[in-house]
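Quick note, the sequences are listed as chains C and F, same order.
The letter at position 53 of the first sequence is residue 53 when you use the UniProt record's numbering, and the numbering goes up by one with no holes.
The letter at position 50 of the second sequence is residue 50 when you use the UniProt record's numbering, and the numbering goes up by one with no holes.
Honestly, I wouldn't trust all of these hints.
Said to hold, decoys possible - Cross-link-like lysine-lysine pairs, in silico, DSS-like; alpha carbons within 25 Å at most: (1) C/Lys50 with C/Lys90; (2) C/Lys293 with F/Lys145; (3) F/Lys81 with F/Lys69; (4) F/Lys140 with C/Lys316; (5) C/Lys316 with F/Lys144; (6) F/Lys105 with C/Lys316; (7) C/Lys296 with C/Lys118; (8) F/Lys137 with C/Lys296; (9) F/Lys140 with C/Lys100; (10) C/Lys178 with C/Lys161; (11) C/Lys2 with F/Lys148; (12) F/Lys81 with C/Lys2; (13) F/Lys14 with F/Lys137; (14) C/Lys316 with F/Lys81; (15) F/Lys107 with C/Lys296; (16) C/Lys316 with F/Lys75.
Just so you know, these hints were derived from the structure itself, not from any lab.
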Amino acid sequence: MKETIYIFSAGTLKREDNSLVFITEENQKKHIPVENLKEIFVFGEVNLNKRLIEFLSKKEIMISFFNHYGFYVGSFYPREHYNSGFMILKQAQYYIDNEKRIYIAKKIVEGAARNSLKILRYYKNRGRKLDNHISEIEKNVEKIFRIEEIPKLMQVEGKIKKIYYESFNEIINSSGFKFTKRGRRPPIDRINALISFSNSLIYSIVLREIYATHLDPRIGYLHSTNFRRFSLNLDIAEIFKPIIGDRTIFSVINKNIIGVKDFEKSLNRVFLNDRGKRKFIEILEKRLNETVKLRKIGRNVSYRTLIRMELYKLEKHLLEDEVYEPLIMEW
Amino acid sequence: MITGSIIQAYLICKRQAWLLSRQLVGEQDSDFLAIGRLISQESYSRDKKEITINGGKVDIIRLENGEIKLVEVKKSSRMIKSAKFQLLYYMWKANVDYGEIRIPKEKKVIEVHMTDDARGELLNLMNEIEDIINRDKVPKAERKKYCKTCSFEYFCWS
Ligand code: SF4
Chain C
1 MKETIYIFSA GTLKREDNSL VFITEENQKK HIPVENLKEI FVFGEVNLNK RLIEFLSKKE
61 IMISFFNHYG FYVGSFYPRE HYNSGFMILK QAQYYIDNEK RIYIAKKIVE GAARNSLKIL
121 RYYKNRGRKL DNHISEIEKN VEKIFRIEEI PKLMQVEGKI KKIYYESFNE IINSSGFKFT
181 KRGRRPPIDR INALISFSNS LIYSIVLREI YATHLDPRIG YLHSTNFRRF SLNLDIAEIF
241 KPIIGDRTIF SVINKNIIGV KDFEKSLNRV FLNDRGKRKF IEILEKRLNE TVKLRKIGRN
301 VSYRTLIRME LYKLEKHLLE DEVYEPLIME W
Chain F
1 MITGSIIQAY LICKRQAWLL SRQLVGEQDS DFLAIGRLIS QESYSRDKKE ITINGGKVDI
61 IRLENGEIKL VEVKKSSRMI KSAKFQLLYY MWKANVDYGE IRIPKEKKVI EVHMTDDARG
121 ELLNLMNEIE DIINRDKVPK AERKKYCKTC SFEYFCWS
């Protein structure tokens, strides 16, 4: 099982012979084994040099950076090792052809919505008042099938998200957490701060899984491509935000793992402090490594593997092997 | 274009051969592949020279009293038939008449000779492979025992 490491402290990350070391500001040296390393998430003030980047590239280790507030800054995406011109051509073909593109985009929106509905139904069965939210979302899901243009699809997606997020107040039962409205930049309350942080992490995790496939992260279907930024990871993340991210948010709050003290406020911005970030990551990691039984393979696979498999499903769609249907939680 | 790994794949699974022909390789961090790589790198380090033929897998060439023989190292005698054709293909490409498959773990050496029959079989096989990989569509996945250890497992069965 390949690992992710998270660096919160300030210091220097460097290559030493054939391994990695992190030297803290207090001059403490920590060795980081690279054999099983998949990616590095940097939150602290870390110095690094080209020699290190070259080494990471050789070892196919991705490194992603997050700012003080936990927002994604960018990634070093190592030189592609799985390269198939054939797949990239297919990927572009499906982007250029509007009919083909919108099919995938709709499936992504539908998948995200259905997974959100699964969560709402789960809490409804536990006595939360979610009937209205559920039926409103269902109505909007019905609309998806008739849409023929991306901007229209984005509108419906926005509506579904709005209703879904409003339901968070019913699901979360902790006085320090009240959802007002979704505000990304900056997050305006603690729930928004958690959502933003969680999304940032999921985008990078999906990006790392894309690296393990033949897909090009710059060509997305729901999120428009501008060929400068990664967008396919944003697409696929939609399916996993409810399954992985939101469920983690509910559990850290409802189980009092993260409380009011784990947040900071500056100007109008609310964000997790380092302790809060660490706690959140710990629970999110657990979820990523948790396994579920897959009938088709006849054994358990982790949530992380499910992300990669979702990308494979997309590849098979592009090869006209199997029509893409998004993963809908069944457990 | 046919390569050694496509030949090997074809005899196990046509779908795999098609995928490889599009540079769609399976997951490389699969343990099995890593073991295979390690064995071919380490077991015969003294007299080995690695070569690449036609972009195919790197195997071993050894010079013995002026003669060349191709040696392929395998981790087990499973799927020996496909290994044999892969080696025959390399021999054909390199114009060599004699080859060996070595399985260090089982202390086995299997000789492979380029006879007329072998050459005929190889060429037939290559024609069949051309037919499959020139198809527009990938052959459908069919679950078989091999799938469990195949680097495409998560791809095919997602
Ligand atoms: S997983 Fe099975 S069907 Fe797929 S390529 Fe491998 S052997 Fe063929």
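The hints, checked one at a time:
no.: 1; hint: C/Lys50 with C/Lys90; in the structure: violated (34 Å)
no.: 2; hint: C/Lys293 with F/Lys145; in the structure: holds (19 Å)
no.: 3; hint: F/Lys81 with F/Lys69; in the structure: holds (19 Å)
no.: 4; hint: F/Lys140 with C/Lys316; in the structure: holds (10 Å)
no.: 5; hint: C/Lys316 with F/Lys144; in the structure: holds (19 Å)
no.: 6; hint: F/Lys105 with C/Lys316; in the structure: violated (37 Å)
no.: 7; hint: C/Lys296 with C/Lys118; in the structure: holds (22 Å)
no.: 8; hint: F/Lys137 with C/Lys296; in the structure: holds (22 Å)
no.: 9; hint: F/Lys140 with C/Lys100; in the structure: holds (22 Å)
no.: 10; hint: C/Lys178 with C/Lys161; in the structure: holds (17 Å)
no.: 11; hint: C/Lys2 with F/Lys148; in the structure: holds (20 Å)
no.: 12; hint: F/Lys81 with C/Lys2; in the structure: violated (33 Å)
no.: 13; hint: F/Lys14 with F/Lys137; in the structure: holds (12 Å)
no.: 14; hint: C/Lys316 with F/Lys81; in the structure: violated (29 Å)
no.: 15; hint: F/Lys107 with C/Lys296; in the structure: violated (37 Å)
no.: 16; hint: C/Lys316 with F/Lys75; in the structure: violated (31 Å)
Violated hints, listed in ascending order, are 1, 6, 12, 14, 15 and 16; each of the other numbered hints is respected by the structure.
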